[in-house]
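Below, each chain spelled out in residue letters.
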Amino acid sequence: MYIYDAFDRRLLAERVVDFRDQVSRRLSGELSEEEFKPLRLMNGVYLQLHAYMLRIAIPYGTLSTLQLRKLAEIARKYDRGYGHFTTRQNIQFHWIKLAELPDAMAELAAVGMHGMQTSGNNVRNITTDQWAGVAPDEIEDPRIWAELIRQHVTLHPEFSFMPRKFKIAVGASHHDRAALRIHDMALRLHRNAAGEAGFEVMVGGGLGRTPYLAQTIKPLLPKRDVLSYVEAVLRTYNQFGRRDNIWKARIKILVHDLGAEAFAKEVEAEWQSIRDGALALEPAMVADIAGRFRYPNYATLDDGPPELAAARRGDRAFDVWLSNCVTNHKMLGYAIATLSLKPEGGTPGDCTAAQMDKLADLADRYSFGEVRVGHEQNLALPHVAQRDLPVLWRELGAIGLARTNVNLVSDIISCPGLDYCSLANARSIPIAQEITRRFHDLDRQRNLGRLHINISGCINACGHHHVGHIGILGVEKNGEEFYQITLGGKADENATLGTLIGPAVPYAQVADVVEDIAAAYLDLRDKPNELFIDTVKRVGIEPFRERVYAAR
Amino acid sequence: MTSPLDQKKIKIAGPVVVTANRVGDGAVVYRSPDGGWTTELGGAAIVIDADSARVLAEAAAGDDLHAIGPYIAPVKLLPGGNVRPGNLRELIRRGGPTIELPAPLES
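Chains as they are written, first to last, in the numbering used here: chain F, 1 to 552; chain E, 553 to 659.
Chain F with its partners taken away, still in its complex shape:
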């Protein structure tokens, strides 16, 4: 966990005072909506179809149990008893009243949480690998670097009115769990052949109407230069990014239009003028930030304790959960347990206040008081002793958080869609729900293997449909909901954008189409362990297209 200091706490407290005054003036009519809207957006307050929505940042997906209990309390006290975890390590409350927002924000600030820069044309909540600090394949904890950047860009006047929003992700493992290539800017900490550590800098990624994968403009940036280089990228974007057309304003358009090489030259020129200035990171500065991250006092344990092996032998359901949802930890004798928020027939990413409270209790008992949030809209307990897994699994089952479908076909990423969102053209959640019902049989899901379905209700692509193994995009045609289907997308270290397979299909046919695609995959795979995404890569989309449209 990162421990905020007095400066951070004062900043949040002052922000609440400001916002309380702004809300009061809006309610009295002193501020018009035109005047108030940018102020509320700077605090993460949106207006959706039915109500205001508050988006709260969960930096690096790291939540203390104190914070999780507070989120549960906010859900009960100010909302409708649940929250929605998003695809960017945020949580949203969808039914919050304007007059009560300042009180809710004050309560959140007391536990170091806020909605600052979860909206607006600024640097948004910086995301990382949700297993930061515990992943065995990690170079070092990426959150330290993300936190340095966060402190620099928070309320930074130069970067508060950029051409459009700017999303940064930071990773430090070979396996990309943070979807780096679909970000405006991504930093991947790695070592070169000589063993030197530095950042691969990628820019210009993003989904939406014009999807692009980020391109590498710096293969190995020294760690001391990360702040100055981020600043140089932001300045270059601020200077050259388009402000005349909202659809062409993201950095991905600038990088594409200029070319990555030309963009990199502009950045380089800016960077050379500032790299040895105040933003050069002295080791003491990095050590100070690193020192504010608290790590558990792990016990000395061995991998594979006998009670775990006995539980696996004695209960197939536990064994399946362990295989699908539990991952190696960097510490011997510990594990990372992913908790699916994808129940059959449920809303991806939703979590009730009761679940949050009870999960906080379990995290205190079994995970050193810490919970993680991933961009796949699932949670994780990051520090579980392997010997505790059998009892934890039973207790998670009692609160509906021991589902075994992580990375399977029913582990669907979905935006809120037209059921909540004023930007959406079509519903996402009911599509996800129907697919989970069709594939309710776990053995069938396991036979299909790793298969990611991502659903967006509009071209803004909050559901990351372009990088789903199966991507589903809702569109509106003559007042009816239709859905475009893409295949072959992925968001990991081999990120790829999916390919459209043909004409959009109506709402009622989407789940049938997914079943057809799944059946085609089973026929086409060359061996039982060839993953869906690998089959698509090997055979292309044509056989799937034929299967889907032959009957339509």
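In short, the hints are calculated from the structure, not lab data. Even glycine gets a Cβ: it sits at the ideal position worked out from N, Cα and C. It is possible that part of the hints are untrue.
[Claimed, not checked] What follows is a list of derived Cβ distance ranges for each label pair:
1) F:161 to E:577: 27 to 33 Å
2) E:577 to F:550: 45 to 51 Å
3) F:103 to E:614: 29 to 35 Å
4) F:530 to E:634: 53 to 59 Å
5) E:584 to F:394: 30 to 36 Å
6) F:243 to E:626: 30 to 36 Å
7) E:633 to F:522: 51 to 57 Å
[Unchecked claim] Restricting the straight-line Cα-Cα distance to at most 30 Å, the calculated cross-link-like pairs of lysine-lysine (DSSO-like) are:
8) F:265 to F:77
9) F:477 to F:248
10) F:358 to F:97
11) F:218 to F:248
12) F:37 to F:248
13) F:330 to F:265
14) F:477 to E:628
15) E:561 to F:248
16) F:248 to E:628
17) F:165 to F:248
18) F:358 to F:330
19) F:223 to F:265
20) F:477 to F:527
21) E:561 to F:37
22) F:77 to F:97
23) E:563 to F:477
24) F:97 to F:218
25) F:37 to E:563
Assemble the complex: chain F is given as a structure, and chain E must be docked to it using the hints.
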């Protein structure tokens, strides 16, 4: 959401209302014949020509204290005088999400 200021060329093909979100809680509201707002679509002022729609929308836009982002939305008139929203978006705005929400206040 389309503001009436952006709906300069108002083309309507049937009955319409003016709808917005309430300032205090964001709830969906409809402009009523008395110049106020109602959460009931049945209580909304319904007009059937572009000039009347423009007048209704402009008046609504002047009430920034109570409602946000008023715009013109189609409705359908049913036998018996009932009114229903004219498209899916408006159906969801009036009726709420089409999905079952998580159990609200279980302990």
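Assess, step by step, whether the Cα of residue 561 of chain E is no farther than 30 Å from the Cα of residue 248 of chain F, and give holds or violated. This hinted pair holds, its Cα atoms lying about 26 Å apart.
Should the hint that residue 161 of chain F and residue 577 of chain E are 27 to 33 Å apart at their CB atoms be regarded as holding? holds (29 Å)
For the range 30 to 36 Å, tell me whether the beta carbons of residue 584 of chain E and residue 394 of chain F fit it or not. Cβ of residue 584 of chain E to Cβ of residue 394 of chain F: about 56 Å, so the range 30 to 36 Å is violated.
When you check the alpha-carbon spacing of residue 37 of chain F and residue 563 of chain E, does it fall within 30 Å? holds (28 Å)
Within 30 Å, alpha carbon to alpha carbon, are residue 165 of chain F and residue 248 of chain F? It holds: about 12 Å lies between the C-alpha atoms, which stays within 30 Å.
Tell me if the straight-line CA distance from residue 37 of chain F to residue 248 of chain F falls inside 30 Å. holds (22 Å)
Sort out whether residue 97 of chain F lies within 30 Å of residue 77 of chain F, counting only the CA atoms. holds (11 Å)
Is 30 to 36 Å a correct range for the gap between the Cβ atoms of residue 243 of chain F and residue 626 of chain E? holds (34 Å)
Run the distance test for residue 477 of chain F versus residue 628 of chain E: straight-line Cα separation, threshold 30 Å. holds (19 Å)
Distance restraint hint 53 to 59 Å, applied to the beta-carbon atoms of residue 530 of chain F and residue 634 of chain E: About 56 Å separates the Cβ atoms of residue 530 of chain F and residue 634 of chain E, which means 53 to 59 Å holds.
Is residue 265 of chain F within 30 Å of residue 77 of chain F, Cα to Cα? violated (52 Å)
Next pair to validate is residue 223 of chain F with residue 265 of chain F; report whether the Cα-Cα distance is within 30 Å. Within the cut-off at roughly 20 Å; holds.
When each numbered hint is compared with the structure, violations occur for hints 5, 8, 13, 16, 20 and 24.
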